[in-house]
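Chains L and H, in that order, are what the protein sequence lines are.
Just so you know, we're using our numbering here: the first sequence kicks off at 59 and counts up by one.
Just so you know, we're using our numbering here: the second sequence kicks off at 59 and counts up by one.
No lab work stands behind these hints: they were computed from the structure.
Predicted, not measured: the structure shown is a model, and the values here were computed from it.
Be aware that a few hints might be false.
Calculated from the model, a selection of chain H residues having no Cβ within reach of chain L, i.e. all distances over 10 Å [as the list claims (entries may be wrong)]:
{"#": "1", "residue": "125"}
{"#": "2", "residue": "128"}
{"#": "3", "residue": "213"}
{"#": "4", "residue": "290"}
{"#": "5", "residue": "327"}
{"#": "6", "residue": "356"}
{"#": "7", "residue": "455"}
{"#": "8", "residue": "476"}
{"#": "9", "residue": "618"}
On the chain L side, residues computed to face chain H include the following (Cβ under 10 Å) [what the hints assert, rightly or not]:
{"#": "10", "residue": "97"}
{"#": "11", "residue": "101"}
{"#": "12", "residue": "105"}
{"#": "13", "residue": "106"}
{"#": "14", "residue": "277"}
{"#": "15", "residue": "294"}
{"#": "16", "residue": "298"}
{"#": "17", "residue": "299"}
{"#": "18", "residue": "316"}
{"#": "19", "residue": "317"}
{"#": "20", "residue": "562"}
{"#": "21", "residue": "574"}
{"#": "22", "residue": "593"}
For each residue, glycine too, the CB sits at the ideal point set by N, CA and C.
2 protein chains.
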Amino acid sequence: MPIEVPHMKWWGWGVEGSSFEISGKPGLFPYLKRELGVTDEQVTTPPVPLADVRMPERKLNGPFEAALEKVLRADQIRNDRHERLIHAFGKSYRDLWRVRRGEVERAPDLIIYPESEQDVVAVMAAALEHSAVIIPFGGGSNIAGCLEPRDKSGRYIVSLDMGRMDRVLSVDKDSLIARIQPGGWGMRMENQLREHDVTLGHFPDSFLYSTLGGWIATRSAGMQSDVYGKIEDMVVALRMVTPAGTIITRTVPKCSNGIDVKQLCIGSEGILGVITEATMRVHPLPESRKIYGYLFPDFESGAAALKECTRLNIWPVIARLNDPKKTALSFAFKGTKTPFKALLTQVVKWWIHHVKGIDFTKCCMMIVAFEGDSATVERTRLLADGVYCKHGAAGLGTEPGRGFEKAKFDFPHLRDFVMDRNIMADVSETATTWANLLPFYRDTKRSIEQAITDTGSLPWVGCHISHNYHTGASLYFTFGCRQCPGREMEQYLYVKKAAEDAFMRNGGTLSHHHAVGTEHLPWVEADISPAGVRAVRALKDGIDPKNIMNPGKIIPSDQPLADWGLSGDSSKLFSAGK
Amino acid sequence: MPIEVPHMKWWGWGVEGSSFEISGKPGLFPYLKRELGVTDEQVTTPPVPLADVRMPERKLNGPFEAALEKVLRADQIRNDRHERLIHAFGKSYRDLWRVRRGEVERAPDLIIYPESEQDVVAVMAAALEHSAVIIPFGGGSNIAGCLEPRDKSGRYIVSLDMGRMDRVLSVDKDSLIARIQPGGWGMRMENQLREHDVTLGHFPDSFLYSTLGGWIATRSAGMQSDVYGKIEDMVVALRMVTPAGTIITRTVPKCSNGIDVKQLCIGSEGILGVITEATMRVHPLPESRKIYGYLFPDFESGAAALKECTRLNIWPVIARLNDPKKTALSFAFKGTKTPFKALLTQVVKWWIHHVKGIDFTKCCMMIVAFEGDSATVERTRLLADGVYCKHGAAGLGTEPGRGFEKAKFDFPHLRDFVMDRNIMADVSETATTWANLLPFYRDTKRSIEQAITDTGSLPWVGCHISHNYHTGASLYFTFGCRQCPGREMEQYLYVKKAAEDAFMRNGGTLSHHHAVGTEHLPWVEADISPAGVRAVRALKDGIDPKNIMNPGKIIPSDQPLADWGLSGDSSKLFSAGK
Chain L
59 MPIEVPHMKW WGWGVEGSSF EISGKPGLFP YLKRELGVTD EQVTTPPVPL
109 ADVRMPERKL NGPFEAALEK VLRADQIRND RHERLIHAFG KSYRDLWRVR
159 RGEVERAPDL IIYPESEQDV VAVMAAALEH SAVIIPFGGG SNIAGCLEPR
209 DKSGRYIVSL DMGRMDRVLS VDKDSLIARI QPGGWGMRME NQLREHDVTL
259 GHFPDSFLYS TLGGWIATRS AGMQSDVYGK IEDMVVALRM VTPAGTIITR
309 TVPKCSNGID VKQLCIGSEG ILGVITEATM RVHPLPESRK IYGYLFPDFE
359 SGAAALKECT RLNIWPVIAR LNDPKKTALS FAFKGTKTPF KALLTQVVKW
409 WIHHVKGIDF TKCCMMIVAF EGDSATVERT RLLADGVYCK HGAAGLGTEP
459 GRGFEKAKFD FPHLRDFVMD RNIMADVSET ATTWANLLPF YRDTKRSIEQ
509 AITDTGSLPW VGCHISHNYH TGASLYFTFG CRQCPGREME QYLYVKKAAE
559 DAFMRNGGTL SHHHAVGTEH LPWVEADISP AGVRAVRALK DGIDPKNIMN
609 PGKIIPSDQP LADWGLSGDS SKLFSAGK
Chain H
59 MPIEVPHMKW WGWGVEGSSF EISGKPGLFP YLKRELGVTD EQVTTPPVPL
109 ADVRMPERKL NGPFEAALEK VLRADQIRND RHERLIHAFG KSYRDLWRVR
159 RGEVERAPDL IIYPESEQDV VAVMAAALEH SAVIIPFGGG SNIAGCLEPR
209 DKSGRYIVSL DMGRMDRVLS VDKDSLIARI QPGGWGMRME NQLREHDVTL
259 GHFPDSFLYS TLGGWIATRS AGMQSDVYGK IEDMVVALRM VTPAGTIITR
309 TVPKCSNGID VKQLCIGSEG ILGVITEATM RVHPLPESRK IYGYLFPDFE
359 SGAAALKECT RLNIWPVIAR LNDPKKTALS FAFKGTKTPF KALLTQVVKW
409 WIHHVKGIDF TKCCMMIVAF EGDSATVERT RLLADGVYCK HGAAGLGTEP
459 GRGFEKAKFD FPHLRDFVMD RNIMADVSET ATTWANLLPF YRDTKRSIEQ
509 AITDTGSLPW VGCHISHNYH TGASLYFTFG CRQCPGREME QYLYVKKAAE
559 DAFMRNGGTL SHHHAVGTEH LPWVEADISP AGVRAVRALK DGIDPKNIMN
609 PGKIIPSDQP LADWGLSGDS SKLFSAGK
């Protein structure tokens, strides 16, 4: 009996039937209206009906399909319209913008569901022999364009859906490691780990719809990375099937065996091969988890508190500081209150303003979570509380934390909601050092705001600091505005470029945890240097000389910006705000 | 005024004049005599006089040297006999065995001292144009054969001595990072960092004579890696000059920008390029440092205590557990005592044996160090003490710690002492998971002992556990025996092969922190898989198609064991113990 692999809906985030819940958030639409100048609460720009999606006929590759039929069962091979559609894109803004309008320029010609590493090896051999391109597909949640078919030579394209390889194979509780298949959604994997009382500790915003293989291939970060590490810190060993054979690394904590081939596989975004198994560091399920909200007088004081905690070795599992804009947005998410709660809120507000002296237009909300044995949680919380209070924060107790826990995986749904209303919304995240953090933040925020203003819309640009390290932290920007009718994609690219240009100008990286894909190709050379690009190309050419693995990703072309969608002097595209 | 670059002596460890101090260790020679069956305390196998060293005439490359003279000063270029000799080898057992007999088959033809990245770029360009091979040289302390000239095509060979690029360029105390040149010996670098009240926290046994560039190129581990990390965890950014241009990565704590090119440079052992600068994570100088000795009833209880500390998040900066053999050796190092101290020792011994019930033939010494602010040090020490005592350990106070601190960088000198007396001595280290640690230890120890017995000598095989991780730890084996006259190298290879074969058979890695070089080439394919080797070769071919960078390292030939020195059925070489 084959495993039924779940998928997200073709036009947006989450499974069919799930959506963003606006009811119970009476302040949200007024906030969007005020901030973005939106007038109509009704849906104005819905996705086209499924029947209206225009998708090219699938290409045929008889010899390849014949070779497959010898090694796979019929139910492992699909080519129907719906399967092709859901495997045609990830969930980037550009992906959704196109698919919602029914524009699918290229979709995979075949979808294959391997059930073992042996199946993957067989598919790879057939693809090499019969000139097929392979795009590995995990949860389909990538927002950097990693999944889009991009083969300049127009070959037959296979989406290799890893969803049936979704098992935790073994758990070694003595060494705290688990051998895990790459293709199960996050919760499916965690549920299996929990049977052994362990957790991976990796919870990206996409957790419900993303997979271990995807996390490793994109160097993902979970919201608890401060303590559990980024995914590259968690991989003890892995297996990756490539056109040059299967790379297998040993299950050892650390080694000195030349260039670390494990690290060549991590972050390779499918251009070298398919991850078929990983041995991951796991942790006992925490005995206790506590989550709190704090309100800081401003972004600067909050950032100073975050840094001080790293210096004092105080490590909450989450410490996410919203800037004033994101704080205001989070307030707009608040639900309807009972009269008593409303009164209580007034009292707390009075206290925050008059006793703590916090200005509500500048204040910044921080969500902080602690995990571990009860004594450690309490001790860490007290130490952190001391640091936060020293920097002027007001403790808001556990209610903001409860709200965060309930909604922590819901944020991507909001994009569908606003896209239904002619609003562009996207995110760009980076990382930098503590010394550079605030000037970087200000310059980037200003740049994105200016770019949106140039396009004639009211800008909304918010940011949060998360993923704290010894050396610095991540800056995660969210931006949105009304779309320019008829110029929506141009407008989006103009704004996105302003964000990424600011990242490069300020010494940041093109992405902290969302990958290169196609969306960040114009900034790769600036990020890793031309010689760095040559190194990656050397790997690609040597491992996959026929370029069958996910072509067009990571390695920029000679004209990356034009390929990306902007050419010539794009600074002159919009001038409303100039 | 050019910087005078210090070097170790040509025939052994340390600078000229330094040597192993046997006086004041009355128990040591009797111990070696008993354990190894050595009879003569006098030097029997000294190194040949310098004048007797046989070294081939240097090759000439007029066009290359002419090109260099245009860009470098005369004092940056050396070709005299002594310079060629000290750059001909590292300090592996094989290196020393040959050079002590005056056998130098191949030495560099030129030694260049770059003073800037620009100098390195110029040397690289000239080498590419005029067919010269470049071997980057740090401190010359490598024990895996990384520095040996190994060019099958017999080209002109340059040793690029990085010793004049020895400065700490800047320290950002806000972000706790420092930009550091690669070529200064450890103490020179630390002294500059200490002017800013920070430390790198990286103290390998070779610290006094090794360099940052070498540490990064070999994925080194310092003795305090449990807290400060292995070198690959400390590199925030780096610059590496390659034949394909200069790879430059950005100063960001973490990123998702495709395959991590920084990780391609780390561990590349000079085969891709020359590291010219690194931005490193640094730490405030610890306010307090405490170091203690504990005696465990046996290796098993000590290992259990080490693991339990990792589970309880108790992290001393050092926790090094000697097995019974290494414990006995450390006792043999003890100095002469005053009558009062001797009496005190008797009392302590009585207590350990009769009250704690510890058997001196099985007991295991652990050295444990704590660093940080005083309160944290005291708190961590108390927690660790609780775990150790639970596992039956007897605390020995601070005296063993003082002994360790005084002698911690001296151990490599012992090899020169025993090599003067016809004794072979070497180390091989690996890493494995906690679940596998003890069976791995026993099988490997037995294998090395058997191999030495086969050669007709009494075996001495000791081990310590150090470098503790969430997932497992390192096993560091030391072995020694009387040499077989006339078959010394064959005997050594036979024993070394037994150690490395055991590492592979038991699921370990070929080295935890000593690199591949030439000495571990026969085990690379088993360690990283044939496809892994292809990936490394792809990088090498793409970045350095003319193979001018340190050829013959990391990537095994088609007959690695024969190239290494053993061919045919080496299991039949010795049969004394069979």
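- [ ] Identify every previously stated hint that the structure contradicts and give their numbers, smallest first.
- [x] 4, 5, 10, 11, 12, 13
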